[in-house]
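The primary structure of each chain is shown beneath.
2 protein chains.
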Amino acid sequence: MSKPYIVIIAGGKGERFWPQSRAPRPKHLLPVVGTTPLLTQTLARVKGLAPAKNIFVITSAIQARAVRSVCRGIPAANIVAEPVGRDTAAAVGLAAALVGARDPQGVFAVLPADHVIRDTKSYQADLRAALAAAAAEPVMVTIGITPTEPATGFGYIQRGVAWRTFGGRTLDRVKRFVEKPALAVAQQYLAAGDYVWNAGMFVWSVPVVEAALARFAPELDAGLAPVRAGLARGRPLAPVLKKLYPKLPKISVDYALLEKSDNVVVLPSSFDWDDVGAWPAVVKHCTADAAGNVTRGLAVVEQGGNNLVFAEGGHLVAVLGTDDLMVIHTADATLVCPKGRAQDIKALLKRVEALKGGARWL
Amino acid sequence: MSKPYIVIIAGGKGERFWPQSRAPRPKHLLPVVGTTPLLTQTLARVKGLAPAKNIFVITSAIQARAVRSVCRGIPAANIVAEPVGRDTAAAVGLAAALVGARDPQGVFAVLPADHVIRDTKSYQADLRAALAAAAAEPVMVTIGITPTEPATGFGYIQRGVAWRTFGGRTLDRVKRFVEKPALAVAQQYLAAGDYVWNAGMFVWSVPVVEAALARFAPELDAGLAPVRAGLARGRPLAPVLKKLYPKLPKISVDYALLEKSDNVVVLPSSFDWDDVGAWPAVVKHCTADAAGNVTRGLAVVEQGGNNLVFAEGGHLVAVLGTDDLMVIHTADATLVCPKGRAQDIKALLKRVEALKGGARWL
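Taken in order, these protein sequences are the chains called A and B.
Numbered by numbering that gives the first Met the number 0, the letters in the first sequence go through residues 0 to 361 in order.
Numbered by numbering that gives the first Met the number 0, the letters in the second sequence go through residues 0 to 361 in order.
If we strip away everything but chain A, and leave its shape as in the complex, we get (with noise of 0.2 Å):
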């Protein structure tokens, strides 16, 4: 097959990792886990897969520039900003204008920038049989994750028979997908055994994506079509998406496509894989000392246990008998709360965002 593509989709708000992660630099921005951001990190794991000049990055108008400045060696041109957000449909739509426009056949995988993947080599192994299964049919490849816990913020795509095998990876129908379950019912998932979470991440071609396009999301379909013309007479992109992306439908692709489509198979990953959610998502990839505390920067903890206490800057953060809190220390804010709270980091945000002048904060 020809060279495939990748389009990575950084465009998330990044609220949890407040505040660390603020609109214009959200957590795919950060080096939540690791040294690097998290897409840096992204760009590197997909590295062999496709050559550059075949990655495309999509990401929101505030992130741009940043965004830009980590996407080195990839070409300016493939680094595309959404005006507004209109979720993972109009996403796809736009990933799949922008690689029709290079090659109306052509293969390619959308991945979050914001996860975390330690085993690059069977990430590749995986993601390189995906490619094929679509290369060969008509089909939509999702990757599906081996659940380690009974989670509840992942959808879940139960597998269906075994449908054909692709570099050593078989990959199976889709029986199913379910929207974020109950605890319970996540762990009948867990325990059956034949379900994994649904990570957004999608492999297909061109031509499969359009189709379902038209069939499934007409209103989307119709809306893009500027600009695929655009793309196909060589016009610049942003005045075109600045008109028409405000009034895209917001949806999921889960929703738009891939519930309605039945052409939907499934490759259980065989790699580690961890979205890492919010703050207290960190500390597995974190070395604690003996009480469980973990810590970056200038942190000391007294007399208390399972802290995550992170200062920038040459700040001296100081934790005296707490346990299981969280203390993030920024240039000009920070945030105090325990682990279990993280949760509420948006009702948080809604006071701060009050506060005169809260804007800069958020």
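Hints may be right or wrong, so weigh each one.
To be verified - Facing chain A, from chain B, some residues (calculated, C-beta under 8 Å):
(1) Val115
(2) Thr119
(3) Glu301
(4) Gln302
(5) Leu319
(6) Leu324
(7) Pro337
(8) Arg340
The hints are simulated quantities; they were obtained by calculation from the structure and are not laboratory data.
No experiment lies behind these values; they were computed from the predicted model shown.
Here a beta-carbon is modelled for each residue, glycine too, at the ideal position from N, C-alpha and C.
Chain A is fixed; fit chain B onto it per the hints.
Relative to chain A, chain B alone:
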């Protein structure tokens, strides 16, 4: 009587107000309560009791510079730095030498620099009565604070029979001094009604202090002889102090003199008083929000109550989902600690000291 003298003892370490307080800038140099340093508030409070030339401030070498900058209107020669701390008996001996050099019969009050007292009128009336008593009779007058709770952090003074009345204030004889009691004992004292707190406020004359030093603390008395001799000859004080201070016995004035003397009387205070011993004590001088949170600077508390959150310099401190926590943010260090653990700060500071270059935060 001739004009009295006031000697303010401004030498505390202030560890309990870390990280705002540091060795060169301890509690009495901070606006822990109110908008000016506590020492400034103390100087304002004694205004009118004695002329500025009769006011001395005894501080420590490391704080001298900052203390001088706060003591506007006080003659520079009246601000005396102890080269090393030798507890309160040495400071009182030094005070007696300083006052005695001006007036061998001088009456003086020794007052701490770091207490919070709002009722200046009653305070001055009490002190005037105490000064009158000390001018009239060879007694040691202690100002006893009427207890408001069974505090275990102060020594207590048991009042005896009424002694004499000055300026409408009746002073009592002292039955005994007691060290910081256990809670159950403190509760008995509070119920008994004849105990007051020893707040380190003493009023007496030079001859009374010198006689007590000679009788009960001859080593200290002899050690201070060169100070008296130097002052009598108009010699610079600093070199003398530097030479002899390290050799002085380190002992409290309560233990060295008061507990051993039979001429001690007590004036139960008629003013409000708070020694504001640590961060949590600040709360009762502040206005809390509906959830009991006290904040200063740019602080937000969401879904939590009874927190104390102070932020300096335009930095935002955002607290989510905690109760009874204190977060004190300064330009170079932040403390996070449950209010109930504030007394363990010394252990934390040992850890800070052990950091590479840790001394810069102390």
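Here is what the structure says about each hint:
Interface hint at valine 115/B: violated, since its Cβ lies 24 Å from the closest Cβ of chain A, which is beyond the 8 Å cut-off. Taking 8 Å as the C-beta cut-off, the interface hint given for threonine 119/B is violated, the closest approach to chain A being about 36 Å. The interface hint given for glutamate 301/B holds, since its Cβ lies 4 Å from the closest Cβ of chain A, which is under the 8 Å cut-off. With its C-beta approaching chain A no nearer than about 6 Å, glutamine 302/B sits inside the 8 Å limit, and its interface hint holds.
Nearest Cβ of chain A to the Cβ of leucine 319/B: about 4 Å, under the 8 Å cut. The hint holds. Taking 8 Å as the C-beta cut-off, the interface hint given for leucine 324/B holds, the closest approach to chain A being about 7 Å. Hint status for proline 337/B relative to chain A: holds, with the closest Cβ pair at about 5 Å, below 8 Å. Satisfaction of the interface hint for arginine 340/B is found here, the shortest Cβ-Cβ separation to chain A being roughly 3 Å, below the 8 Å cut-off.
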